[in-house]
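Undergrad: These protein sequence lines are chains A and B, in that order. Under this note's numbering, the letters of the first sequence match residues 1 to 706, in that order. Under this note's numbering, the letters of the second sequence match residues 1 to 574, in that order.
For the record, the hints were derived by calculation from the structure and aren't laboratory data. Just so it is clear, CB atoms sit at the ideal spot from N, CA and C, and this is done for glycine as well. Careful, some of the hints might be misleading.
[Claimed, not checked] If you only want the chain B side, here are some residues facing chain A, beta carbon under 10 Å, derived:
| # | residue |
| --- | --- |
| 1 | Thr7 |
| 2 | Ile10 |
| 3 | Thr33 |
| 4 | Val57 |
| 5 | His176 |
| 6 | Pro404 |
| 7 | Thr418 |
| 8 | Asp541 |
| 9 | Arg545 |
| 10 | Phe556 |
| 11 | Glu557 |
| 12 | Asp559 |
[As the list claims (entries may be wrong)] Simulated crosslink set (EDC-like; lysine to aspartate or glutamate; CA at most 20 Å straight-line):
| # | chain 1 | residue 1 | chain 2 | residue 2 |
| --- | --- | --- | --- | --- |
| 13 | B | Lys554 | A | Glu144 |
| 14 | B | Lys534 | A | Glu51 |
| 15 | B | Lys534 | A | Glu122 |
| 16 | A | Lys22 | A | Asp43 |
| 17 | B | Lys75 | A | Glu139 |
| 18 | B | Lys554 | A | Glu116 |
| 19 | B | Lys534 | A | Glu152 |
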Amino acid sequence: MTTRIGADVGGTFTDVVLIDDKGAVWTHKVLSSPPNFQQAVLDATGHLLRETNTPGDMVSAVAHGTTVATNAVLEHRGAHTALLTTRGFRDVLELRRIRAPQMYDLFWEKPAPLVERYLRLEVNERMGANGEELEPVDESQVRELAAQLRAENVESVAVCLLHSYAFPQHEKQIGKLLAELLPGVPVSLSHEILPERLEYERTATTVVNAYVRPIMSGYLAELRGGLGAQSIEAPLLIMQSAGGLTPEQDAAVRPVYVLESGPAAGVLAAGFIAGQLGLPNVITLDVGGTTAKASLIEEGRIAYSPEYEVGANLSAGNRLVGGGADRIRAPSIDIAEVGSGGGSIAALDRAGGLRVGPQSAGALPGPACYGRGGVEPTVTDANVVLGYIREGKLANGGVSVDMEAARRAIYDYIAKPLGMDVLTAAEGVHRIANARTMRALRAVSTERGRDPREFVLMGFGGSGPVHAAGLAYELGNRRVIVPPLPGLFSAFGLLVSGVEHHAVRSCLLSGDALNAHALQTIRQELQAQLLTQFQHEGFRADELNLTCAVDVRFLGQASEIRILLDTVMGATAQEWDAAPFTENTIKALYAAFVSEHERLYGHRSDKDNLMQVIAVRVVGRAHSGAGTIDLNTRASSNASGNGNKTRRAYFGARVGVADTPVITRSALSGTMPGPLLIDEYDSTTVVPPQAKAKRDELGNIVIEFA
Amino acid sequence: MSVDLITREIVQHALAAAGDEMAVALYRTAYSTIVRDCLDYSTSLTNAEGEMIAQGVTIPFHLGAVPSAMETLFKKFGDDINPGDVFILNDPFDGGMHIPDIFIVQPIFWEDRRVAFAVSTAHHLDLGGRLPGSSACDNTEIFQDGFRMPWLKLYREGVADEAIFTLLRANVRLPHLTLGDIYAQLAACHIGERAIHDLIRRYGVETFITCANDSIAYTERLLRAEIASWKDGSSSFTDYMDNDGLGGGPVKIHVTITKKGDGLTADFTGSSPQIRGAMNSTLSFTASVVAMCVRAVAQQDIPNTAGMFKPLTIIAPPGTVVNCVMPAASSMRGVTGFRVGDTVFGALSGLLPDRVLAAGEGGNTLVIIGGQRADESRYIFYELMAGTWGARPDRDGNDGLCNPGNVAANIPIEQAETEYPVRVERYGYVPDTGGAGKYRGGLAIEREWRLLHGEAHLAIRSDRREYAPYGLFGGKSGRGTINILKHEDGDEVLPTMISTSIKAGELIYHRLAGGGGFGDPFARATELVARDCKNGKISMDAARREYGVVVNEKTFEVDEAATAHARGNPPGAS
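Only chain B is shown next, with the shape it has when bound in the complex:
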């Protein structure tokens, strides 16, 4: 059937709005800091065949997870998908991404006909396993990552499978939080169902189905037209993670991007074999990252639907860090995703030099503190620290902004201190950390946490200490990360990835990496350098050394003569 343009546009907007409404319901009813404050979750809607027709404004990296999850769901349940059923999954080897991410999928019916699915994916605070928070870089097999659920029916025709709830309660450290967040995911799916029913009531089921399917084809057409407008060509890039989570390393990510006609291939052959630590990525996650990068360099606004993937071919040999196989651990694979993103952007910069930014902070740092409060209640304080941007072809990197790969937020200090035995003692920019360039990379962020009570487990996932965020076209790298534990005996530099314990009174310091610069630092406008000096974003010393700009330390004005000299073009030399 054909549908008039206005109706089609309304339905497509309404679907996108439904994805957002699901997202709002999820974070507003969630309990863990990782979901309700840091927003590490996503929501989407698919058509009856499981192809995505809308995504809430949440985590772009989750974009590609839905197709492979839905594929295994159909493989397993086939026709046994009925009204009132709700499915649950977190097994990365059954279509999931990593143990902490639970998928809740609810089929949506209209008069006994399946018309759509509501999907929510949330990063859970704890699913058991070796350490509080489940995720640890030095986990070496999936069984240490935590409780593993292949596709199961959580509800069967409206009736909860209490066995699953009982098992979950028994296997996680803070059942009320994990279950509370599962209820939040169910709420999101319920909102999605309500929105789809509203649409069908208003426009009829055939119109809804036509519009939903059209939106996928429309996305594909838009993206193919976008890719076709680029020059044909091929570009390779290599980037690294510092280590494999157990002190070995570095871990290589290599990609060759080939653009031909209206299609694009990303070939990861040459990347590191799957590693011992927990940063192995599934193919679905790797594919999500590629789609995110392509979508980000596209100049048009393209809807977030399954049509995104059709022009893309992803080649990643099984058994590599970008396409892991049993029994690889993967709970900390987020960092690999960020590095895959940096690598793909690096390669795209060879094809589209005026559309790609230098490397940003390299992804979130995770800091997980788990212990007991004075009243003996258990807690897990899960902090996701984000982010800063690399410089861009025509402007500086944003100072202090989440990585384009995930729309994350910070935990308000007043909220953290009210709920956890933790005090945040500093949170701010670090001068001289943004890579120098004609356009400066974003500044690194630092944060300090002091433990106020008892002893606690501490897990940190960070990276980019040795392999700092790269600059482009003459721009310098951003400054690398550091972790310091401050205790009675002084300061101790901790590895980038570590699981350890800390005592009351001790303080953890983390500095994220700064973003890379873009272009020759000596070409940077001198008044911008002076402004950065005045605002304490760079030091006088760095202004002179990195940018060849001499700034008066009282007036913060540029000393033109000294600057011309420092930049090697004294007056008259022309």
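Isolated chain A, as found in the complex:
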């Protein structure tokens, strides 16, 4: 009963990995099936169950990463959503924090709010900052508002009242009323989504949650039903933005925590490989059909962000300036993303300039060369024309690449109007795609003062291995790693993660009120809350690792530092019960806080200043059961193309077209010079002329520049 399935849905491809009870890895890649994304997942799982002869009820877990929710936000295709606020504050959502994301741009357009003003309604009620009820909820008014929402056919409701992070009674009261008055309409209450102070951040996070909730829950219900039809009754676990899994029931209600689901899994997989190789510093590059994403692993640690902005052009969590998009205060892996993937469409603008993306041909109609109705040229078409991607059947025969269709698209739309030959035009598309992708790579490296020369670039995603070496050369990385199964890497990442839940309590503790008893009381409550949740999901208390952290600042500051309260990471509940906090905990916390403050900012602030704890957080993790996975035991049959030993590929004006050796990954032995093309099931790795490649003992392709 240890067969596990990881399924990653991207804009273009859906990747499924199955690890059987012997640890063997089976894979299947199919085109995504918008708008019914679950269909491709079900087709692929069905295929793998048949191929491995596994009965559905032998599957012990299905881990899933999906971009369904984030796409709904980016494309403004979410539910018809309303927002209820305290009287006087319906514009908090649209005013945001007033900031603009950059200086000196007079034409910057503030993105439209997800809930228009006419659907933001004010409730007569008010709680004070200390929990005093200044004005009770006007229930008869709430009834009128509910009637108005019904008349508007609202599909989802967010409620965010002032001070509900600590005093949620009014939100609960309204939630109860709406459940009666609007049966079937999901209601997201801000204190349940994000019980933290700061009304804009809590409102925005709750609104995004409400906005994607009907889509996400509908999607998950259909997927669950389809898996059931394959006799898979195992838990369906969804990847969260912060890199842990959560059961579908939770993701359906709090989808804002799984918004960055897909990208997170790829970074986790990269972290896993980097750990195996003992590589401390890695820039990850994940190029899929629609976007390219970069993130940083530094000294072995994945970079996390406590909040991010969804839909900002270049989302990079830790940057100074906010205001570019709705602020989601949910932890995530820190990823910079640009709209530049294999499916990105190349076109001429009005001034005759060549542009690539951000529009993507996606899975449908797809790149012209897939012959599924696409006529406009994409980056993938350019890569086919350049000889980087082979003709013929790809991905277990699901897709067939037609060189002639690719040439025709590049010729009609680019080469002919510009009066250039097809190869030059294709190379232009490839290079412009690279220049766009470079923005994401720079955002996580040079723009943060990191020198790319000190980092290894790990390229994955269907198109990552095609572009990685060229980008690394430009960026200045000396080494590139293309891991096994690069095109299914995110699906693999789903299987190295375990279930994870977060619980948080806002507080304001300083001076005498900040004592061991107070912290212990909160930790016990949060611990109990998590244990209930995990037990409900079928985990035993002794399977869990618990970690407690607090958000601390000097009294009077507005920004906090997160400090771990455990000396040992990941205690069990019994260990916690046996070792309650003592006054030494507080002393150690103070010492750790002051030294972290000094490390970060170079000073200890005034020595008389009190420390203040503003939130206590407990994270619970259940083991993934991943154990060791050997990606080289991949068991599926390997479609190795049309058997050519060389392919004509273009490497720019200086080298021109070269008869380039084509090999499989397993045939890569010793050190081989570029140019070289390494074809495999799910991707092609391009080794440029100035580089050389070898295969390490774990099966990774390692490219180095001379």
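Given the structure of chain A, go ahead and fit chain B onto it with the hints provided.
TA: Same frame as chain A, but now just chain B:
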């Protein structure tokens, strides 16, 4: 020496990133609402000669303050600048901007050689003076603005000058906040030093110096190329502040912008003489604003370095409101900066009509409430209320966005109410306040504060009640500001600029100005008018009156026939 392109680009990005890191350290360790929430501060790095090589994404208006501050620093200390020294300044007549802005400057050395300076400038909550918060429009001389520090050494070779700290503690109302923010500024400088040392360790000192200096020349080249691409010409504009802070006025700002070749001159001759109230601007501040405006209409991304100023010539006669002399008060000069910005943009619109926006809200309103809590602890609640944009040549003004002159933020209501005896009772848009136009000006914002305990001083700095934000090319002005004090006896309209007191239970209402419109309102797309009606951003009445659009009040659809009639082109008339 010459440096390869990749290294140069990395160093330049790393410097910009260091400026941002300094900025993050500053606001994350600061204590006052004006710095930690409203973000009224800036950070930068200069080369060894004090020329700016990077600025954090903070207040554009502080851009030009660094050169004149560094110039007086060198004049005063010459060679007496040593490792471990830290300098402090807030005197506007010694290179500073106004009393509330404290400069902290730390020289950065590498093996005994001076290679750079880290600079931080923060608006302080209180530096003593006549009223809580120091800033008051009706201050009439600098001595009322507060404690004045010409350039001093706060640290001498690593050792703090306790005398300065002692004097500061004795002269400000809330020493732990003022000193806490000074420590935050020191933290920012420390981060800047660490970043520069990291860069030098990695690339060597010569490479660092070459890259830093190249970035200044590069900026100048970019800006000159930008200016050269404009048509030669000259354009004048006049705008006003309603009054001088003491009820007199209006205060005139006049500029003539002349573009010739790859240079640009801004001549403020004809502007009002220096005024009695506290809105007098230093030349350095006026120059900052001009640079910000030029930078904003430039079409290229230009690094924020000293190279920005080289193509610009600023003429401002001494003794005017845009170049004040002793003993002018200047604590509230921010509003003058915003108006200088509006005036310069107005003039630039004559040269570059498709790149300039109509006037926005006219700058932040400051509301300062100072008193004692129930436990007798003192507080100063310093609120910086921003902002909304004027309409643009091809789109509406942004509703509710900080003025392009300063990257400010609002104070979260839940944070304010947790820390201060103040309750915010309303915060939102006001319909029918954006100037009508083919493109609509941004809506005004209103906010209400109720005092919950005791008595308190209240200072308000606002403007743009009579001289409302202008529209362009047929666009209408935005609606002007208003301040109302609501007490037992009813509502009392307060002047735009006032220092007074309020009691528990009383409520202050402020409405910012709306942005100006752009183009003929009757040319506005009718469905946009209907959308604004549906969203309560304009009324049905205004739709008909200002835009000639008749909207059905139930369906919010455009009544095409009635609209054609209202717009004076009934069917068949063509």
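Undergrad: Look at each hint and say if it fits the structure.
TA: Quick rundown of the hints versus the structure:
1. Thr7: 9 Å, holds
2. Ile10: Result: holds, 5 Å to nearest chain A Cβ.
3. Thr33: 8 Å, holds
4. Val57: OK, holds: Val57/B within 10 Å of chain A, min 5 Å.
5. His176: Because about 7 Å separates His176/B from the closest Cβ in chain A, which is inside the 10 Å limit, the hint holds.
6. Pro404: 6 Å, holds
7. Thr418: Because about 5 Å separates Thr418/B from the closest Cβ in chain A, which is inside the 10 Å limit, the hint holds.
8. Asp541: Violated, about 18 Å.
9. Arg545: This hint is violated: Arg545/B lies away from chain A, its Cβ roughly 21 Å from the closest one there, beyond 10 Å.
10. Phe556: 8 Å, holds
11. Glu557: Where the cut-off is 10 Å and the nearest Cβ of chain A is about 14 Å from Glu557/B, the hint is violated.
12. Asp559: Since the shortest Cβ distance to chain A is 19 Å, the answer is violated.
13. Lys554/B <-> Glu144/A: Given that 20 Å is the threshold and the Cα spacing comes to 17 Å, the pair holds.
14. Lys534/B <-> Glu51/A: This hinted pair is violated, its Cα atoms lying about 57 Å apart.
15. Lys534/B <-> Glu122/A: Roughly 16 Å separates the two Cα atoms, so the pair holds.
16. Lys22/A <-> Asp43/A: Cα-Cα ~23 Å, so violated.
17. Lys75/B <-> Glu139/A: 70 Å, violated
18. Lys554/B <-> Glu116/A: 17 Å, holds
19. Lys534/B <-> Glu152/A: Holds, at roughly 13 Å.
Violated hints for the displayed structure, listed by number in ascending order: 8, 9, 11, 12, 14, 16 and 17.
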